[in-house]
Amino acid sequence: MLLLPAGVYRQIVAACLDGYPLEACGLLIGEEGASGEAQVRASHPATNAAASARVYTVEPRDMLRADREAEEIGAVLLGVWHSHTHTDAFPSPTDVAQAPDPGWHYVIVSLRDSEPVLRSYRIRGGRSEEEAVVLQ
Amino acid sequence: MPVDVRLPTVLRPAAGGAAKVVAEGETVGEVFADVVRQHPGLRDQLLTPEGTLHRHLNVFLNDDDIRYLGRLDAKVSETDTLTLMPAVAGG
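In order, the protein sequence lines correspond to chains G and S.
Heads up: the first sequence at position 84 corresponds to 84 in our numbering, and the numbers run straight through without jumps.
Heads up: the second sequence at position 60 corresponds to 60 in our numbering, and the numbers run straight through without jumps.
Treat the hints with care, as some may be off.
[Claimed, not checked] So these bits of chain G aren't anywhere near chain S, every CB distance computed over 12 Å: (1) Gly7; (2) Tyr9; (3) Leu17; (4) Leu27; (5) Glu32; (6) Arg54; (7) Val58; (8) Met63; (9) Glu71; (10) Arg127; (11) Glu130; (12) Val133; (13) Leu135.
[Said to hold, decoys possible] Some chain G residues flagged as far from chain S (calculated, every beta-carbon gap over 12 Å): (14) Ala6; (15) Ala14; (16) Arg112; (17) Gln136.
[As the list claims (entries may be wrong)] Derived CB-CB ranges, DEER-like: (18) Leu17/G - Gly70/S: 37 to 43 Å; (19) Arg112/G - Gly51/S: 42 to 48 Å; (20) Arg124/G - Tyr68/S: 31 to 37 Å; (21) Pro13/S - Tyr20/G: 34 to 40 Å; (22) Leu17/G - Gly17/S: 23 to 29 Å; (23) Ala14/G - Gly16/S: 37 to 43 Å; (24) Thr52/S - Gly74/G: 34 to 40 Å; (25) Gly74/G - Thr27/S: 30 to 36 Å; (26) Gly36/G - Ala19/S: 19 to 25 Å.
None of these hints come from the bench; they were simulated from the model.
Ideal Cβ positions, reconstructed from N, Cα and C, are used throughout, including at glycine.
Generate coordinates for the entire structure from the input sequences, incorporating the hints supplied.
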């Protein structure tokens, strides 16, 4: 379960809309709870180094900055978010194949329809499983 | 000389859960060799079978990506910190 402050939700969706027609991406900062609930505290937007409407690559230097921001507030990198500009908010085969950390949360924002749709997934062992997102 | 090596969460299980390893070396490659000596399970996550930097790994020497500093040949000093991060990408 991903506990997502409404302000962070708005930041993520706004960054996805700003990035359109390219895919946008960024990191989630927060704490992982003992019961499997992850508390998001901040979003750190990143440059999509791939500059593509189909794929994304988090600019490595942005990831370093996000890691330092997390450390400064006593938090960790919880996961990554990115937009799907023309498809559902569901992990693509590329998302599943390249998921870097089985402990992370993978948030996808679909811009395919008139209203953005945000969903979150765990990706482990080549399989994705949707998790609940609770807006706070 | 000892250098701090910060590990991302995905690599910590192979280092006994440690978030940071202190390793010796004059270059990034030597530091990596000491990290692997301490935690052999990290070998294949840091380096290719040929001994080059794994392409799914980004390594920063303080604020700089080692790809622009000579990769594994980049020189390190005692006050340096190496930060390892997974490459993050998808579709």
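May I ask you to test the hint 34 to 40 Å on the CB atoms belonging to Pro13/S and Tyr20/G?
Since Pro13/S and Tyr20/G have Cβ atoms about 38 Å apart, the given range 34 to 40 Å holds.
12 Å cut-off, C-beta based - Val133/G kept clear of every residue in chain S:
Nearest chain S Cβ is 18 Å from Val133/G, so the label holds.
At 12 Å, judged by beta carbons, does Gln136/G keep clear of chain S as stated?
Gln136/G clear of chain S: closest Cβ-Cβ about 23 Å, beyond 12 Å.
Over 12 Å from every CB of chain S: does Met63/G meet that, or does the non-interface label fail?
Incorrect as stated: the minimum Cβ-Cβ distance to chain S is 5 Å, not above 12 Å.
Whether Leu27/G stays farther than 12 Å from all C-beta atoms of chain S, as the label says
8 Å, violated
A cut-off of 12 Å on Cβ-Cβ distance, and Ala14/G was said to be off the interface with chain S. Does that hold?
Consistent with the label, Ala14/G stays out of reach of chain S, its closest Cβ about 20 Å off (over 12 Å).
If we take the beta carbon of Glu130/G, is the closest beta carbon in chain S still more than 12 Å away?
Non-interface label stands for Glu130/G: nearest chain S Cβ at 16 Å, farther than 12 Å.
In terms of Cβ atoms, is chain S entirely out of 12 Å range of Glu71/G?
9 Å, violated
Do the beta carbons of Leu17/G and Gly70/S sit within 37 to 43 Å of each other?
41 Å, holds
Distal placement of Glu32/G relative to chain S, Cβ over 12 Å:
Answer for Glu32/G: violated, closest chain S Cβ roughly 9 Å.
So is Leu17/G really clear of chain S, every C-beta pair being over 12 Å apart?
19 Å, holds
Hint says 34 to 40 Å; check whether the CB-CB distance for Thr52/S and Gly74/G agrees.
For Gly74/G against Thr52/S, whose Cβ atoms are near 35 Å apart, the range 34 to 40 Å holds.
Comparing the model with each numbered hint stated earlier shows that hints 4, 5, 6, 7, 8, 9 and 22 do not hold.
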